[in-house]
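J.: On the provided structure of chain A, position chain B as indicated by the hints.
Number of protein chains: 2
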Amino acid sequence: MYRTNTCGELRLADAGKRVTLCGWLQKSRDLGGMTFIDLRDRYGITQLAFNMETDAQLCEKARKLGREFVLQISGIVKERESKNLQIPTGEVEIIVEELVILNEAKTPPFTIEDNTDGGDDLRMKYRYLDLRRAPVRNNILLRHKMAQQTRAYLDAQYFTEVETPVLIKSTPEGARDFVVPSRMNPGQFYALPQSPQTFKQLLMVAGLDRYYQIVKCFRDEDLRADRQPEFTQIDCEMSFVEQEDVLNMFEGLVKHLFQSVKGIEMESVPRMTYADAMEFYGSDKPDTRFEMRFVTLNKAENNLVSGKSFKVFDEAELVVAICAKGCANYTRKQLDELTDFVKRPQIGATGLVYARVNEDGSIKSSVDKFYDEESLKKWAQACGAEANDLILILAGAANKTRKAMNELRLEMGTRLGLRNKDTFSCLWVLDFPLLEYSEEENRFFAMHHPFTAPKPEDVELLKNGQLASVRANAYDLVINGVEVGGGSVRIFNKELQATMFEILGFSKEEAQNQFGFLMNAFEFGAPPHAGIAFGFDRLCSLFGGAESIRDFIAFPKNNSGRDVMIDGPSAIDEKQLNELNISVKSIG
Amino acid sequence: MYRTNTCGELRLADAGKRVTLCGWLQKSRDLGGMTFIDLRDRYGITQLAFNMETDAQLCEKARKLGREFVLQISGIVKERESKNLQIPTGEVEIIVEELVILNEAKTPPFTIEDNTDGGDDLRMKYRYLDLRRAPVRNNILLRHKMAQQTRAYLDAQYFTEVETPVLIKSTPEGARDFVVPSRMNPGQFYALPQSPQTFKQLLMVAGLDRYYQIVKCFRDEDLRADRQPEFTQIDCEMSFVEQEDVLNMFEGLVKHLFQSVKGIEMESVPRMTYADAMEFYGSDKPDTRFEMRFVTLNKAENNLVSGKSFKVFDEAELVVAICAKGCANYTRKQLDELTDFVKRPQIGATGLVYARVNEDGSIKSSVDKFYDEESLKKWAQACGAEANDLILILAGAANKTRKAMNELRLEMGTRLGLRNKDTFSCLWVLDFPLLEYSEEENRFFAMHHPFTAPKPEDVELLKNGQLASVRANAYDLVINGVEVGGGSVRIFNKELQATMFEILGFSKEEAQNQFGFLMNAFEFGAPPHAGIAFGFDRLCSLFGGAESIRDFIAFPKNNSGRDVMIDGPSAIDEKQLNELNISVKSIG
Chain A
1 MYRTNTCGEL RLADAGKRVT LCGWLQKSRD LGGMTFIDLR DRYGITQLAF
51 NMETDAQLCE KARKLGREFV LQISGIVKER ESKNLQIPTG EVEIIVEELV
101 ILNEAKTPPF TIEDNTDGGD DLRMKYRYLD LRRAPVRNNI LLRHKMAQQT
151 RAYLDAQYFT EVETPVLIKS TPEGARDFVV PSRMNPGQFY ALPQSPQTFK
201 QLLMVAGLDR YYQIVKCFRD EDLRADRQPE FTQIDCEMSF VEQEDVLNMF
251 EGLVKHLFQS VKGIEMESVP RMTYADAMEF YGSDKPDTRF EMRFVTLNKA
301 ENNLVSGKSF KVFDEAELVV AICAKGCANY TRKQLDELTD FVKRPQIGAT
351 GLVYARVNED GSIKSSVDKF YDEESLKKWA QACGAEANDL ILILAGAANK
401 TRKAMNELRL EMGTRLGLRN KDTFSCLWVL DFPLLEYSEE ENRFFAMHHP
451 FTAPKPEDVE LLKNGQLASV RANAYDLVIN GVEVGGGSVR IFNKELQATM
501 FEILGFSKEE AQNQFGFLMN AFEFGAPPHA GIAFGFDRLC SLFGGAESIR
551 DFIAFPKNNS GRDVMIDGPS AIDEKQLNEL NISVKSIG
Chain B
1 MYRTNTCGEL RLADAGKRVT LCGWLQKSRD LGGMTFIDLR DRYGITQLAF
51 NMETDAQLCE KARKLGREFV LQISGIVKER ESKNLQIPTG EVEIIVEELV
101 ILNEAKTPPF TIEDNTDGGD DLRMKYRYLD LRRAPVRNNI LLRHKMAQQT
151 RAYLDAQYFT EVETPVLIKS TPEGARDFVV PSRMNPGQFY ALPQSPQTFK
201 QLLMVAGLDR YYQIVKCFRD EDLRADRQPE FTQIDCEMSF VEQEDVLNMF
251 EGLVKHLFQS VKGIEMESVP RMTYADAMEF YGSDKPDTRF EMRFVTLNKA
301 ENNLVSGKSF KVFDEAELVV AICAKGCANY TRKQLDELTD FVKRPQIGAT
351 GLVYARVNED GSIKSSVDKF YDEESLKKWA QACGAEANDL ILILAGAANK
401 TRKAMNELRL EMGTRLGLRN KDTFSCLWVL DFPLLEYSEE ENRFFAMHHP
451 FTAPKPEDVE LLKNGQLASV RANAYDLVIN GVEVGGGSVR IFNKELQATM
501 FEILGFSKEE AQNQFGFLMN AFEFGAPPHA GIAFGFDRLC SLFGGAESIR
551 DFIAFPKNNS GRDVMIDGPS AIDEKQLNEL NISVKSIG
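Protein sequences, first through last, are from chains A and B.
The numbering of the first sequence is the numbering used here, which starts it at 1 and goes up by one.
The numbering of the second sequence is the numbering used here, which starts it at 1 and goes up by one.
It should be emphasised that the hints constitute simulated quantities derived from the structure, not laboratory data.
Everything numeric in this text was worked out from a predicted model, so none of it was measured.
You can take every hint at face value.
Identical copies look the same in the list; a pair holds intra-copy or inter-copy alike.
Derived lysine-lysine pairs resembling BS3-like cross-links, with alpha carbons at most 30 Å apart:
| # | residue 1 | residue 2 |
| --- | --- | --- |
| 1 | K508 | K106 |
| 2 | K575 | K508 |
| 3 | K27 | K494 |
| 4 | K145 | K255 |
Next comes chain A alone, as it looks inside the complex (with noise of 0.2 Å):
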């Protein structure tokens, strides 16, 4: 047996027992007649002392042992004279009697402490390392005992683990597909799955009710930051159920997980129509950790701009308006850093107009020579804006108006510290619009997928060609302004699946071709069924405070999809390439 007991473990209580330890140098200090080690493993710290005075040869031996050696020691637990309460071992220390190298260890290419010196590429390429540093480490614990808590939840609510297959068919329509040569079927591809949307609601077909998954999807679209060709969802299906038994479901599991994982006990969780997020916030999924909802100004039974001259609000789709409480102060310059920030390219405003509430309430603002005190004074009235706050003004197409007024909106919310990472706001955003119409393929394409059905209420419209109008049973929930899940209930009316692939410009036989088997399966008695999934990569960055979903997954990829660390993807030899049935093209 190599220890005892880990470096967690030991307590004042513990004092007097001879243990025996296993872990690595985390750090050494020679005082001369002592030497102290803190020796570390996953538990935690524990504190050895070697005494030049006891021990001479043990001490010297000890005294030469470099940062992140793998070391085994016995010796007596003993109360610390000077004791440090920050960590749950800081009572005691062991006074060694035996020490044995298990490993040697090179200098690390970085320090192995809460704060490194490395920088993301080194600490990427050592990635083993960087999981020792407490921060990464924690973040990888976390994840498990997310995914312990949701299974928990799951499966006391009869959901079924259910595993679908990896290697599945590749569809044309979505993301781009990764895919893998079939040797045993020559020129043809398996292809690995952007989710296990088909057979989750083959599973209902199947009679299982209630299916969940944790499990890996892959979509091979170039990445942006913080995207990974490969990441995890929480997947599940329900069947014999409406829209409202499933949110009821899964704000049980967002509720279990604050509780359990976090010891928040959440509110139930507010509701939202996608067309009022759009309207308040500018954005389907609003950051509701603060208020400053929009204002719109021009409205067409209350425009409070128009007439006055001012050409760029009178010509303007929309004119919107946030109230930031409190920085009626602003500066100059910290009101040319705003106007900066709305007019950069990626968020593309021309201008931005403010007015202040003065102390005594009177009101300045940048377009004065338009508007009256009186017109400014039903701003801030509209606006709810009071003495001391200021009013900020986006005007121009409404779509992409309302985008840059919620950048604007998140960027004063951090400004004003209103964005607490350790503050959780939940929210559904409910009635998104079925159809989705493309500008530049002149169709319309579905929102969320194929099978999301539309409101009943709404058929009607799908059938008169409505289509912009039709909202769809489909819901986001959205945590800090972040999409942590969505889903939808489906079609499982046969007719109604072939209307929707008819306005998807679906021919028969492309429907056929591309979905023929979950087709197929429903015509042999098709439950009603609803779904969501959940990003859980992400669900685990938000629950551990942080904006990367990286420091969330043991062994990422960097922004080429390369794993640095092993070096791959690479070449395969040629061999290989021709039991495939593939070449490689030149590169030209």
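T.: What follows is chain B alone, placed relative to chain A:
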């Protein structure tokens, strides 16, 4: 809300309640005045009653429903007149008042009954219908429970579940990889993992201490019956442990699974060396549900067969016997069958010698003309054969004869009813040879993998070049003659690892090229570590008492690696190939 209850939960105590159920029409019986329907969902079957007298219209509607129609009914729970005590819901029925056809169903291509009339191919094509049958559904539910309980045990033992990547790097050693062309890295390929071996070792270097994962693995091999290109492992690794720790930990897992899933209290798992397994059972995975151990009749120190002018035995490298209890009365026909059995090409024995111990203790053998009663009695004694027992003897080259006798022993076990699928016998097989000599390639290969540690007491043999004699700290868990898991203590010392690579014929460059990232990681302080992996599909089928793993996989592939339900793999279009920078060779 679609339903108030499932089809599996109503009992006599619910009589009088108004309920709403959903499910599939399992079968209907029209008795003139009454029509009965069995409504099925995942949870059970509930009988519906329609009365012609009280509601003729509803009853008429019910009569027209086809098998597998999806129904929603409301009605009153009532005590049944003729109870079916075989099923938990069999004391009640629902007097239906409302009936909604949620979906119609075409007549399924095979019956949805415990014993179906559907052949394998049809059942695979309509897998979603096969999954509706209770035996197949129960396998999937068993699998879920096995995964749950595996996690429960390992979580309690401080193992951390870590997801390792699916898109990794191809290694030419070992079985054939499935590969994935990388669009972003033209000419390069990811490989799908055959196991997370290197990653789990890196997690030990990273200090994770205890890792597990229930994980999909991939192997592009020609599929024998009951092998799947994608399969699932329970993959585990531990740090600061010796072999004994691993055996105890996973003996605990197996006991926990038997206890929690099957309600069987398993005794501690016996251990056998590889050498003994080969000598006494002719197999490294002996079925220990029954004894019938091999007895060598031509031992050098006690040769019971030589010098009696029977050339076959005199010239044989091995003469080996088993004793079939109570089989002395086997007829000539039965003995001929056994002879034919061992002479089949896949077994390859040249003949079978027998000796019967008669009621009166006299012995009659097929080689009476060479061996007198006294010789035969010595055989009987060596074999522990008593009155009415049958001794069966094979002779020839040692390895081949052992293998043949293994098959004969299993056949006799089956004939004697000693291989009950509800009896479970576990065994650790230990001390495997470290290396295996390939006559074909004229070199040694790692029996397990190149990171397996030799037994410390055999390291000298390794260094002296006595390679065939070196035993490994490797272990297999065998249940009922099936290898369900295997693992080893790993090498964590870089000099020893270098020696191993040298012996295995890797140049330094090759070793660096293939395992460089692991070797490099080991330079930064690798802890002693060891691990094991279990074939999860196989373990589930064993617990389910089935021979085939296929019915424990929701969506299995056939022997050509095809999913006949989705009809994949399939051709992909030219655009996709171009993006991936590959082309398909014309198929001659």
